[in-house]
Amino acid sequence: MNVKFLNPFVEAATEVIAIETGLQLQRGDLQLDKTPYHTNDITVIIAMVGSVVGNVLYGLPTPLAVALASRMLGEKLDSFDALAQSGIAELGNVITGRASVKLAEAGYESTISPPTMVAGKDIMISTLDRPRLVVPFSSEYGPFTIHLALREGSGVVLPSAKIPVPHRPDIH
Amino acid sequence: MNIKFLNPFLEAAAEVLEAEVDLTATRGSLSLQKSALSATEITVLISIIGQVQGVVLYGMSAATGMAIVSRIIGQEFSEFDGLAQSGIGELGNVISGRAAIKLSQAGYETTISPPTLIIGKGAQISTLDFSRIVVPLDTRLGQMVIHLAVREAVEYQTVNALPLNSAEYISATVRGEMNQQ
Chain Y
1 MNVKFLNPFV EAATEVIAIE TGLQLQRGDL QLDKTPYHTN DITVIIAMVG
51 SVVGNVLYGL PTPLAVALAS RMLGEKLDSF DALAQSGIAE LGNVITGRAS
101 VKLAEAGYES TISPPTMVAG KDIMISTLDR PRLVVPFSSE YGPFTIHLAL
151 REGSGVVLPS AKIPVPHRPD IH
Chain G
173 MNIKFLNPFL EAAAEVLEAE VDLTATRGSL SLQKSALSAT EITVLISIIG
223 QVQGVVLYGM SAATGMAIVS RIIGQEFSEF DGLAQSGIGE LGNVISGRAA
273 IKLSQAGYET TISPPTLIIG KGAQISTLDF SRIVVPLDTR LGQMVIHLAV
323 REAVEYQTVN ALPLNSAEYI SATVRGEMNQ Q
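Residue numbers (the numbering used here), protein chains in the order written: chain Y, 1 to 172; chain G, 173 to 353.
The set of hints was computed from the structure by calculation and includes no laboratory data.
Glycine included, each C-beta is placed from N, C-alpha and C at the ideal position.
Among the hints, a few may not be true.
With a cut-off of at most 30 Å between alpha-carbon atoms, the simulated DSSO-like pairs for lysine-lysine come out as follows [what the hints assert, rightly or not]:
id, chain 1, residue 1, chain 2, residue 2
1, G, Lys-274, G, Lys-176
2, Y, Lys-34, Y, Lys-76
3, Y, Lys-34, Y, Lys-102
4, Y, Lys-121, G, Lys-274
5, G, Lys-206, G, Lys-274
6, G, Lys-206, Y, Lys-76
7, G, Lys-293, Y, Lys-34
8, Y, Lys-102, Y, Lys-4
9, Y, Lys-34, Y, Lys-121
10, G, Lys-293, G, Lys-206
11, Y, Lys-121, G, Lys-176
12, G, Lys-206, G, Lys-176
Chain Y stretches covered by chain G per the calculated footprint, using a threshold of three residues with CB under 8 Å from any CB of chain G [stated by the list, open to error]:
id, stretch
13, 16–25
14, 81–95
15, 116–123
16, 128–134
Take a look, some chain Y residues computed to stay more than 12 Å from chain G by CB distance [claimed, not checked]:
id, residue
17, Lys-4
18, Asp-29
19, Ser-70
20, Leu-73
21, Lys-76
22, Lys-102
23, Phe-137
24, Leu-150
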């Protein structure tokens, strides 16, 4: 794991969450974790390929997910329903997309995958031989963690694979 | 979701299980699912990026996972430890890599991501607006279920033709079109 990949994600997450939701996050201390991640309710998984290869996980408890989705959509949601899920997946998508733009500016071109969402507490998510750099943030609704299991790639991105950000999930 | 993307994965899975594990896989009936998948104990998740994009999931029970990995590595596993996890992740990686080659032969260039393993029964895995084609593969060591949630990325086709600084090119093209109006 290359620490220089860290700042683009920290900046992107802080900026996107502030812009989209108005919520301020306080950053905690970094950790490097080789064991599987024990989930905290909701996890968004996004993969990256190109000059940066690996996975990014965003973990958060349900109350924070509902609060973020409510603020993004401008309506009060009571539960983590399909609309909220779509909103949180989109948030992961936008943060990762913005981080990938910053990485490209630093000379690391990459492409990101569509998001996958895992719901369930204490599920284990393993990035196998790639240790996770964990960046914890705290908020008034609970913790938000970013997990980076990334390494430098060959830099060979198929020309056909070059798109900045995948489709926005449809809001139903 | 286009059904033509399914066969490369089914063929690759059957070939890899045959070659690496000496297992014959029998394909069960297909279904299309839009709701979140309620995971079995082990799920390997691999993203596919390129002219076909989305995610492929390989789900199985812990017993099946351990039986398969015991054969790949050549030692018995009594728990699903780090080595076993690595083995199952690699199996997903090899199947998806082989499927990507087949997709490429069919004219769809893709790159696959490194695998992520989701361990825990009952996890809800959602591919959001990508519906999943679900195919169970039965073997004598148990069932492996392939979930394919991908679609063709239409807008890629023009990207090949763009010069390196595509942002300027696009903005110049848009300005040109506006001038014509």
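We went through each hint and held it up to the structure:
Proposed proximity of G:Lys-274 and G:Lys-176 is supported: the alpha carbons are some 11 Å apart, at most 30 Å. Between Y:Lys-34 and Y:Lys-76 the alpha-carbon distance is near 38 Å, which puts this suggested pair outside the 30 Å criterion. For the suggested pair Y:Lys-34 and Y:Lys-102, the alpha carbons sit about 26 Å apart, so the restraint of at most 30 Å is met. Of the supplied pair hints, the one linking Y:Lys-121 and G:Lys-274 is violated, its CA atoms being roughly 37 Å apart against a limit of 30 Å.
A hinted pair counts as satisfied when its Cα atoms are at most 30 Å apart, and G:Lys-206 with G:Lys-274 qualifies at roughly 26 Å. At most 30 Å may separate the alpha-carbon atoms for a hinted pair to count; G:Lys-206 and Y:Lys-76 meet this at roughly 25 Å. Between G:Lys-293 and Y:Lys-34, the direct Cα distance comes to roughly 22 Å. Compliance with the 30 Å bound is thereby established for this hinted pair. Distance check on the hinted pair: Y:Lys-102 and Y:Lys-4 sit about 11 Å apart at the alpha-carbon level, within 30 Å; holds.
For the given pair, Y:Lys-34 sits about 19 Å from Y:Lys-121 by alpha-carbon distance, which is consistent with the 30 Å threshold. For the suggested pair G:Lys-293 and G:Lys-206, the alpha carbons sit about 19 Å apart, so the restraint of at most 30 Å is met. Between the alpha carbons of Y:Lys-121 and G:Lys-176 the distance comes to roughly 36 Å, so the proposed pair goes past 30 Å and is violated. Distance restraint check for G:Lys-206 and G:Lys-176: the Cα-Cα separation of roughly 18 Å lies within the 30 Å cut-off, and the hinted pair is therefore satisfied.
Under the rule that three or more residues need a Cβ within less than 8 Å of chain G, the assignment of the stretch 16–25 of chain Y is violated, with 0 such residues. Using a Cβ-Cβ cut-off of 8 Å, 3 residues of the stretch 81–95 of chain Y lie near chain G, which meets the minimum of three, so the contact claim holds. With 7 residues bearing a CB less than 8 Å from a CB of chain G, the stretch 116–123 of chain Y meets the requirement of three and the coverage assertion stands. With a cut-off of 8 Å between beta carbons, the stretch 128–134 of chain Y has 3 residues touching chain G; three or more are needed, and the interface restraint holds.
Annotated as non-interface, Y:Lys-4 keeps its C-beta farther than 12 Å from every C-beta of chain G; the closest such distance is 19 Å. With a closest Cβ-Cβ approach of about 24 Å to chain G, Y:Asp-29 is found to remain outside the 12 Å limit, as its non-interface label requires. Listed as a non-interface residue, Y:Ser-70 keeps its Cβ farther than 12 Å from every Cβ of chain G; the least gap is roughly 18 Å. The claim that Y:Leu-73 is not at the interface with chain G holds, since no C-beta of that chain comes within 12 Å of its own (minimum 15 Å).
At roughly 22 Å from the closest C-beta of chain G, the C-beta of Y:Lys-76 stays outside 12 Å, upholding its exclusion from the interface. Listed as a non-interface residue, Y:Lys-102 keeps its Cβ farther than 12 Å from every Cβ of chain G; the least gap is roughly 15 Å. No beta-carbon of chain G is positioned within 12 Å of the beta-carbon of Y:Phe-137; the least distance is around 22 Å. Residue placement check: Y:Leu-150 does not keep its beta carbon more than 12 Å from all beta carbons of chain G (closest about 9 Å).
Hints 2, 4, 11, 13 and 24 from the earlier list are contradicted by this structure; the remaining hints agree with it.
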